[in-house]
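Residue numbers (the numbering used here), protein chains in the order written: chain A, 5 to 342; chain B, 529 to 1033; chain C, -6 to 321.
Hints are computed from structural coordinates only; laboratory data are not their basis.
Among the clues, some could well be false.
[Said to hold, decoys possible] Derived pair list, reagent style PhoX-like, types lysine-lysine, alpha-carbon separation capped at 25 Å:
#1 B/855 with A/132
#2 B/600 with C/110
#3 B/648 with B/714
#4 B/890 with A/228
#5 B/868 with A/232
#6 A/228 with C/256
#7 C/256 with A/134
#8 A/282 with B/915
#9 A/134 with B/855
#10 A/228 with B/868
#11 B/941 with B/971
#12 B/868 with A/282
#13 A/232 with B/890
[What the hints assert, rightly or not] So the derived list for chain A, only partly shown, Cβ under 7 Å to chain B, looks like this:
#14 207
#15 221
#16 223
[To be verified] Covered stretches of chain C (in silico footprint by chain A; criterion: 3 or more residues with CB under 8 Å from a CB of chain A, positions within the stretch not fixed):
#17 114 to 124
#18 131 to 137
#19 242 to 253
#20 278 to 292
#21 297 to 303
Just so you know, even glycine gets a beta-carbon here, dropped at the ideal spot from N, CA and C.
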Amino acid sequence: MTGQRQKRVIEHNPPRDFKSRFMRWEFLLLALFFGVVIMNANMSPNFLVAHHLFTNINTFLVRGLVALTMTYCLLMGEIDLSVGSIVVFAATTLGIVFNATGSVFLGMVTALVVGGLCGAFNGLILIKFKELHSMIVTLGTMILFRGLAERILGAEATGGMRSVTWFANLFDARIGPVPYFFIFFCALAAAFAFVMHRTTFGRHMFAIGANRTAAEYAGINVSKTRLKVFALSGLICGVSAIMFASWTGSIRSNVGEGYEIEAIAMCVLGGMSTAGGKGSLPGVLIAIFTVGLLQFGMSLMNVNPQTVRIIIGALLIIVVTMQNIRRIIGKKITQVKA
Amino acid sequence: MPEYVLELRGISKLFPGVKALDGVDFQLRAGEIHALMGENGAGKSTLIKIITGVHQPDGGEIYLDGKKVLFKSPRDAGAAGVAAIYQHVTSYPHLSVTENIFMGHEKRKHGLIQWGAMHKEAQALIETLDADFKAIDLMGHLSVAQQQMVEIAKALSTNARIIIMDEPTAALTRNEANRLYEITDKLRDDGAAVIFISHRFEDMYRLASRVTVYRDSRYIWTRDIGDVTDGGLIHAMVGRELNELFPKPEIEAGEEVLRVEELSLSGVFKDISLTARRGEIVGVTGLVGAGRTEVMETLFGLTPPDSGKIHLNGRKVSIYSPSDAMKQGLGMLTEDRQHKGLILDWDIGRNITLPELSRFAKMGVVDENSERTIAKELAERVDTKAKTLFDLASSLSGGNQQKVAVARSLTSKLDVLIMDEPTKGVDVGAKAAIYEIMGELAKQGMAIIMVSSEMPEILGMCDRIYIMCEGRVTGELSRAEANGERILALAMKKAAQQAGQEVSQ
Amino acid sequence: MSVGLRKILRSREFSLFLVLVVLCIVIQSRNPQFLTATVIDSILRNYSYTILMATGMLMVLLVGGIDISVGSTLALSGMTSALLMRHGVIESAFLAYMVSLGVGILCGLMVGLVITKGKVLPIIASLGFMYVFRGMTFFISGGQWVGMQHLLPEFRAFSQGAALGISNLLWITIVVYILVFIMLGWTRTGRQIYAVGSNPEAAMVSGIRSDNIKLFVYAFNGALAGISGAMFVGFYASAQNNSAMGLELDIIAACVIGGVSLKGGQGTIPGVLLGALMIAVINRSLSLTGIDPFWQQALKGAVILIAVTTNILVQRRATRLSLARREI
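This is chain A alone, in the form it adopts within the complex (with noise of 0.2 Å):
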């Protein structure tokens, strides 16, 4: 524009403060995390033994794969309930086509297509539906899939893979004490917050959580990217199947009951708002060590494991209520500024 009046200047980079940086959530959260492992320390003697720490870290971060995905449809502003019940179909597919075939790649394979299947399947009907909330479409799934296990399974369990040895070195194998599975997962956790932080798939992602007609107003394909995160978060469900089956050998019809909820406990722990639009992956990330040590440290000191599920239920309820104060708090004092 060619106005003669003073130009208003813009300052564009990035604020420096102290309080900004530290008193993030995830800081908080990280003190919590330290809080937990040296209590745990002080109380075990048997905690800090790096094979059995490991071992325990593995069986929890099956569950903590799903928190991963969860945090992207949390972010966008969704829910999706049936991913338990994808873990159980999809192990359940790979149990009976190893058994069929005697090919443990095979079922792996099955397994992974099934999970992408079954998470597009929720994520065709929520883009031909627009109206339904994912909430009450994955409620409908996650009874479907899970009914569908059962059918095949029944009262019977589907197993045997452990058998095959390399099967079962993708949860057992080591280099020294860190399993192959942990880095796995790490590197996982590091391309999902790289992807949500960084690329534009993940801003896109936080548009349509922060405001879903906004961001279709700006241009983004919201049907696309919501079908893509769910058939991801399918596909998650075949890996964390996989990697169950790879762990105990044995696939029941309960397998994964309870996923979608403690998925979703880690990640609202971890700072995602479960309206969407909010959050950070190094936040659920941190929230998943946090729960899973906590769970690890109360079994070692003997503590029913049911008082550990009091302890992470309140530490949800209180958690959430101080992030909702200190933002009516924070509100209000923009609100006396102007």
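On the provided structure of chain A, position chains B and C as indicated by the hints.
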């Protein structure tokens, strides 16, 4: 008996980032119809919400019958005899008309609601209004005009003595509006005092005995209707002469980029045909509810049409979604920037770059430095009133939010840009800036379609004007042909009678 | 009256009723044992608490909320009165029911307070309390279950007994349905529940105290879960720690099939009753028809999906038709 039934003195109201009212006065006499005038964003709606107890003032006093009062909630105001008919209909879509009318003051016996009696009374109220629906109909199934009637019935049912009507005629047809005039007269004759807000001067001259004008959150004056002239009123509302506002550049129109042929959507609009050429600013106007926004949303791929053709750059195109539309070179700035246009929780910079994010990305990875540099440049070009790029969009005033929304289109490769009510709720300074940018975009060769209800900007900025009425295009005027009266006549024309010949012109 | 009749015939509830009738006829044709008093009684008795709790969930969904902690509330309240019976603190069946009711109300109030005052989203708040209440059940019971011998004989007799040929548990359910039906249809509070969910902003403008309404609804929902706790313990003659796990899904499913919108403001008692009966019939009847009972869950999931998607299609058609009727 005090002179005024309702008097407001020095009322102020602050919202985050905005001073919505700045020490305004208002006096309402018993048995008068008092028109409250002002541009969008002048503070009228906020004043209403203070009178009805939805908001509490941050300063000033309210006197009812000479006694100082404090309405802590809508319930208090209702108990004191204040009822409001809101601009955006605040109804319960899942409930019946009866229930919408009686919500909060149901007829009860032994604690149980007397549906029979309520339906009967509601039906009687509807009949006095000559409305064409039944008391047992679901609110959600009614048209906007019918819902407006329900709102009026609601106010009638409470026997309120102070009735506020916030743009009640905006969505009504001529006949419905006439009926409303009669009802309003009758209310006054029965002793109620009415505050009437409208953008139609016609409403004001027909109904009001006194007029109060607000501008930019401040009180300007109150006059008897006999002392009011169009010019004086406009001057008071806008604050300066109109023509200096419109920096319309002279641009030679280029080739045709958009051609719409007989676009129809059942029950919403019919046989819409229009064209736009490079460098042209095309106006689309009409009364609220004429279907303008709906046509634009169909062009932008939000709702698929039932029939009709759209050509972009001479090619016939099918647009299934906004992302499709933008890929094909057609963009849209929505009227509702708070809810649909901007992401208010986001900072200015990210809002600016969102539609064109892939331009700052390599292999899908965003280069945040170049993103910020460009965003800063654009924000400065539209002269956004902000200190840093990291200020949240929600902290900006309406005008500056709109500047941010406009900034998005500055570097885009769009051929056609639809701007739906681009200056709605925007302060005067920002308006000028937005007009200037429109001219700039047209000079770059973009075709601009401006949807607007505000006559001055339609007349001041557009090369050609389409006028819509009840879902049809009722006329097309060139800049030279257009004047306020002709546009108004076309905008109020009964579509059914004249549609055929007008569309073919 | 013909207007009223047409309205009923066109309603969603009526088509749901037809579906239920067809379902019953199909089952009946495969197994003549189905529509006998014994089987019907057994279905209703077994699912009385599901049917009962669906009314509470209806109210929660009407205000635009959700409560997935009800299964845990049921377990906690049932366990509390069972333990008090074992320790001899409670000595009448009535008191046992009242204690469960009280615990349920407290649980519901807590959920409601966190949602209204803490401004936590309903799904998250109730998720947290689902953990907490279930955990507390284990905590107070020390992980043990309370067996038949510890329960008052009077309590068991009432819970398993019948009056006028209808099981006592069903009586409770019937009374609650009538009360809630009247409350939702004919009291101011009931209508305000619809108003808050239908348009929260309008509710604020018309002076409705939304927070109080919501609090009431969650407490009421908790109360029903509490009574169900006592019913559950009495019916199965034992209090288990893992009672009613996953029950919330059945209850929400019943509401959804019954046409309740998760967005609030839409849903009726007859609809929920039919939805809950549908769930009960699906759950119970597969074994009667010779279909592999392991199809049960899959079928339920499919029914939910079909119910919600058809509803959308019908709504879309209705909107199109009403638009097409407008002249332009």
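Here's how the hints hold up against the structure:
1. B/855 with A/132: Holds, at about 22 Å.
2. B/600 with C/110: 19 Å, holds
3. B/648 with B/714: Judged against 25 Å, a Cα distance of about 22 Å means the pair holds.
4. B/890 with A/228: Cα-Cα ~20 Å, so holds.
5. B/868 with A/232: Status holds; Cα separation ~23 Å.
6. A/228 with C/256: 24 Å, holds
7. C/256 with A/134: Holds, because 13 Å separates the two Cα atoms, which is no more than 25 Å.
8. A/282 with B/915: 24 Å, holds
9. A/134 with B/855: 22 Å, holds
10. A/228 with B/868: 19 Å, holds
11. B/941 with B/971: Holds: residue 941 of chain B and residue 971 of chain B sit about 14 Å apart, inside 25 Å.
12. B/868 with A/282: Within the cut-off at roughly 18 Å; holds.
13. A/232 with B/890: 20 Å, holds
14. 207: 6 Å, holds
15. 221: 5 Å, holds
16. 223: 4 Å, holds
17. 114 to 124: holds (count 9)
18. 131 to 137: holds (count 3)
19. 242 to 253: holds (count 4)
20. 278 to 292: holds (count 7)
21. 297 to 303: Our answer is that it holds, as 4 residues pass the Cβ test (under 8 Å) against chain A, meeting three.
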